[in-house]
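**Q** Chain by chain, the residues:
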Amino acid sequence: MDITNVVVPTLEHPEAIANLEPIAEHLGQVSNLTRAVEVIAPQAKPHPNGAAELANHSDQVPLQIQHLTESLGDPDFAIANQAMLALIELGEQAVPALETAIDNYENSARVYAIKALASIGNPQSLELLINCAQPKELMLPVRRAAIVGLGKINWQHGNHSMTMTNGETIATQQAQIIDLLGSLLADPNWSIRYAVVVALAQVAQDHSQTQFSSKIQTMLAALYSQEPEPVVKTRAGMVYQPHAAMMATA
Amino acid sequence: MSDEHAPSIQIALTVEQAIANLSADDYSQRYYAAWWLGKLRAQEALEPLLLALQTEETSTELGGYPLKRNAARALGELKAPSAIPALTAALGSDDFYLREAAVLAIEAIASNPQGLRAAQACIPALSKLLPADLATLNNVKQQPYEAILKALGRLKAKSAEDSVRLFLGHRADRIRFAAYSAMYGITEDDDYAEQLISQLNNPDLNMRRTALANLGQLGYLAAAEAIANCEVENSFKLAALKDLLNAHLPNVDYDLSLSEPLQQIMLWMDDLL
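Chains as they are written, first to last, in numbering that gives the first Met the number 0: chain A, 0 to 249; chain B, 0 to 272.
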């Protein structure tokens, strides 16, 4: 039995596994995705062109995704992180497995899973991201990742345009996101408010010509005048002042 | 105020209600009101909180003076320089946790540019809490050394340099790291901060976390990138980078050259969300 699975990470403080440090160090040096996939899922054949190429070998992909998703809960940050990057590269096809990982009770895996989903930005993950952004979600890292993900939905996504032919539906969803972000600007935790500012910066960048833009500026202006935490206030200022906002997104 | 002392059930009181409750008959109401006023950073509560800190109190069954501890913590939140004499007096209490709360409050006041000068008046009282040599360390009353060392660093307590240096060899990691922080604060010698940066690669996760937190509290800008890349949970890195930025953000207005490096740090924080 693998001893690494014995240690249960607590809410935000996964325990250190001293004897895994050499692996972490090793993986840290391995930036090559193929190599990481090989380490994480030795049963699957590594492919010279990485996960994207692996996707063409459709028979291997489900196994690959299963191993990678399991590795998201690895107590070693480096392994979990490499698995997350591989799943992001697999994209679309990894989404169902990632959504299941979020429903599980394995805390650290949930964080990496939501980050991967946020990064893939499939509009069908929207409901899940909205749920995970709410105060009822108890893990702050999950909330932060979900909030940032709300700013990164890929609305031009292929499948989505087929199911959502009506542009108005997208606009409704976008308005829903902005309202949610606006309500989360009053969250008592500074890191949540910071994440909301970052998400709003992203949305503002995508909507510089639409009706959302002035709404976002009004929200940020209100935050800027009341925010007690200097970091959040300054980050809001980077978005709120147009010239600084360009630096922020450069 | 650190969430560490936050009650699990929080009742929203107005400032007036909370100030009135500070003299309620029920001890738990007074205790809660003191914490709540600190959370609200209610400046108008300064006098009543000072009174709560200074009023004679019989120690509770568990020992110590919990109301005074909360009053001291709240005064730290208010960052009022005029609280310094009362906090200095509290350093002589026989309650370890009251002494610790007072030291932390003094450091909080000193972290405010307007409070530093006033807070420096505590240097002799704080120094007296440190032993003259490590041999006597085990024979004297136990002290909140980590907090004391960090406070002396924050106060740039030149006169305490020799006592602080003794703690560079302390067996407990947290106290030793606090000594490095303090020596950096006192001497402004980068070597001490670099020692902490080198601990960001320590194989022990807890040591990495402690070094990270210390560097953030020091506001050591050169550590920002190492903190962002350190193998520690993102929540810890975000908290450390926030502390680091908060040490410099008030200065941006009159030092525009700070603006760009600080924005870079915020972009690193974006990636840690």
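Calculated directly from the structure, the hints in this document are not laboratory data.
Hints may be right or wrong, so weigh each one.
Unchecked claim - The following label-pair restraints were derived from C-beta to C-beta distances:
1. A:Ala-174 x B:Pro-84: 21 to 31 Å
2. A:Thr-171 x B:Gln-53: 54 to 64 Å
3. A:Thr-217 x B:Asp-161: 51 to 61 Å
Even glycine gets a Cβ: it sits at the ideal position worked out from N, Cα and C.
**Q** Determine for every hint whether it applies to the structure shown.
**A** Status of the hints after comparison with the structure:
1. A:Ala-174 x B:Pro-84: 21 to 31 Å: violated (56 Å)
2. A:Thr-171 x B:Gln-53: 54 to 64 Å: holds (60 Å)
3. A:Thr-217 x B:Asp-161: 51 to 61 Å: Since the Cβ atoms of Thr-217 of chain A and Asp-161 of chain B sit about 57 Å apart, the hinted range of 51 to 61 Å holds.
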